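> Chains as they are written, first to last, in this note's numbering: chain A, 70 to 420; chain B, 16 to 354.
By construction, these hints were calculated from the structure, which means they are not laboratory data. If you're wondering where the values come from, they're calculated on a predicted model, not measured in any experiment. Note that beta-carbon positions come from the ideal geometry of N, C-alpha and C, so glycine has one too. Incorrect hints may appear among the rest.
Derived coverage of chain A by chain B (criterion: at least 3 residues anywhere in the stretch with Cβ under 8 Å from a Cβ of chain B; other residues may be distant) [claimed, not checked]:
#1 176–186
#2 258–266
#3 283–291
#4 307–319
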Amino acid sequence: MTPARRPILEVRGLTTRFRTDRGIVTAVDDVSFDVFAGETLGIVGESGCGKTVTSKSIMRLLPARTTIIDPKSRIMFEGTNLASADERAMRKIRGDRIAMIFQEPMTSLNPVFTIGWQLDEALKYHTDLDSSGRRKRALEMLRLVEMPEAERRLDEYPHQLSGGMRQRVMIAIALCCEPDILIADEPTTALDVTIQAQILDLMEGLKRKLDTAIVLITHNLGVVAQVCDRVIVMYAGRIIESGPVHDIFHSPEHPYTRALLRSIPKSGHKAHGRRLPTIEGIVPSLFELPKGCRFQDRCEYRQQRCIDVEPELLDVGVGGRVGDPLRQVRCHFPLSGASSSPTIERTGVEP
Amino acid sequence: MSSDDRPIVRVRDLIKHFPVRGGVLNRIVGNVHAVNGVSFDIRRGEVLGVVGESGCGKSTLGKVLIRLTEPTSGTVEYGGTDITRLGHAEMLPFRRRMQIIFQDPYSSLNPRLTVRKLLREVVRLHGVVPDDHADDYITELIAKVGLRQDAADKFPHEFSGGQRQRIGIARALAVKPEFIVADEPVSALDVSIQAQVLNLLMDLKDEFGLTLMFISHDLKVVEHFCDRVLVMYLGHVVEEVPCDDLLLRVKHPYSKALLGANPIDEPPPKGSPRRTLTVLKGDVPSPFNPPKGCPFVGRCPIAMPRCQAERPPLVPRPTTNALTGHPATHTTSCWAVED
């Protein structure tokens, strides 16, 4: 990693609300982060933490009628604020400069058109190539994503392909304009593990070849460990921790991050007994968020201050490491004790 | 663990083919070979894992085992009785002794019944406890699976995924079964909830002395939870391995590929490179026309001419489970590991 890189995407104070039958709910609350060229940034968290809403807010793919992106939110991409850009400006960016792939490729592909047609449509929209040039390019794209028997696939329909091949088609469509950023929302969750390995391997290779930044949204911590450079951990609409992948896994600062990492079975750890460490309880409803820390009900270190005041997302351990990616945590009592918040004796029991 | 050596389930040469119809006359044009000649035992008190990718036949195997689906041929002996030949009435007492938990508890719970009603239905049907004790029994069940008592009068849609899975478990437990098939019970759940449900299953297994067949695509979960694991590919068991340390154990190229395709647990120390994933070429072939020789031949990195022509037999080798010290068998079906 080179220091002094400039981010290609800067998200500042992104807040996304939805109008629902039960009133207005804040799904993403004051989220800020940067994306750098050529990196893979993981956004992890459990269902409802706001990771998908964050990505769809960047792409402006949320239904306009029910979605309110707070006017103070800033999503800066090449001098344009995507949070307030109009639909015409977004169309120039979406698909062309920032592309997105989803968990279930079958629902994103049109079942009544051939694979070739769908690639052609993307190319027609985003390039000046003529019809034979587009066909050539479509074939190149399918070869780039290592589609078996690429030529034949151009004339096949989505239902004739396996799940892994469909995801390859989605990646081919997403990459046909060589976007600066590829947002991948759970791209391998619906796939078998051997196919997941193929797709992760493919994304790694393409990232290196095209220098695309990848924002990988997932709940699978193994996938994060395997491919991400930096990680953002979200909980109940908030970023609760962020940092380089190594630091997040080996010295997590937020009790939630550590508990989450401990609750997954690991290879060769069976001798330590079959009970897994768990996080008791469930994620709070976004309609009934507590006043203080959102993780308080499930936290083994909870103190009075956690109930009274919601902690801010603060830099930790950046001192002396100029140019290092940010390491941030939203906790009054981060696990290493290194914090810019006032020091208070920790009384929780270290397990 | 108190597993005596008497098998509770004995499966021999089990085959399940699904006919495929086609053409103008809607004749049977072929068969999907979902389960293709599978034999194994499950010992009392054991947790037997079954892993494999989609379409390998693991779920069909689970359903045939408790006769939710009729086998094409072969036998399933339960406590010494071949249940594949029993009539409806004769089957009823066995139904009570074997239960299943599904991946998606929502689609397996009647949305119009409250938890109390759906549990009472099961309890009454099988006459588990006298009617006037049913309510107490249900209260006890709800507590056992870690739900609050006010859960009893709610409907399935009012619960989160993890809580619904607890209801699914309560319903399976309601008839006091000996044997439970758990088909991907935690796959649809969030990570933090997965651990809660796995621990619950483990506690209940110990408390009630249950025998479990645990079907999953997640090798890490299987390794953690099971005593022994069957690796399935295209309807065949290709390896049967004691579940102490799978990474050290497995011999079959497919099992190795499955483990190698699993992402790493955590990033390596700073400066060292990450282990690259094993990338198998291609997809699982269609079970409609499976290959004649080894089912894995099309994707196998070490395939030989012999693998095309002849199916390798399952060769058992005696070994010892490193965690329990019990004698165990490691069976592999591969020409390359025959020695």
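> Indicate, hint by hint, whether the structure satisfies it.
Now the hints, each set against the structure:
no.	hint	result
1	176–186	violated (count 0)
2	258–266	holds (count 6)
3	283–291	holds (count 4)
4	307–319	holds (count 4)
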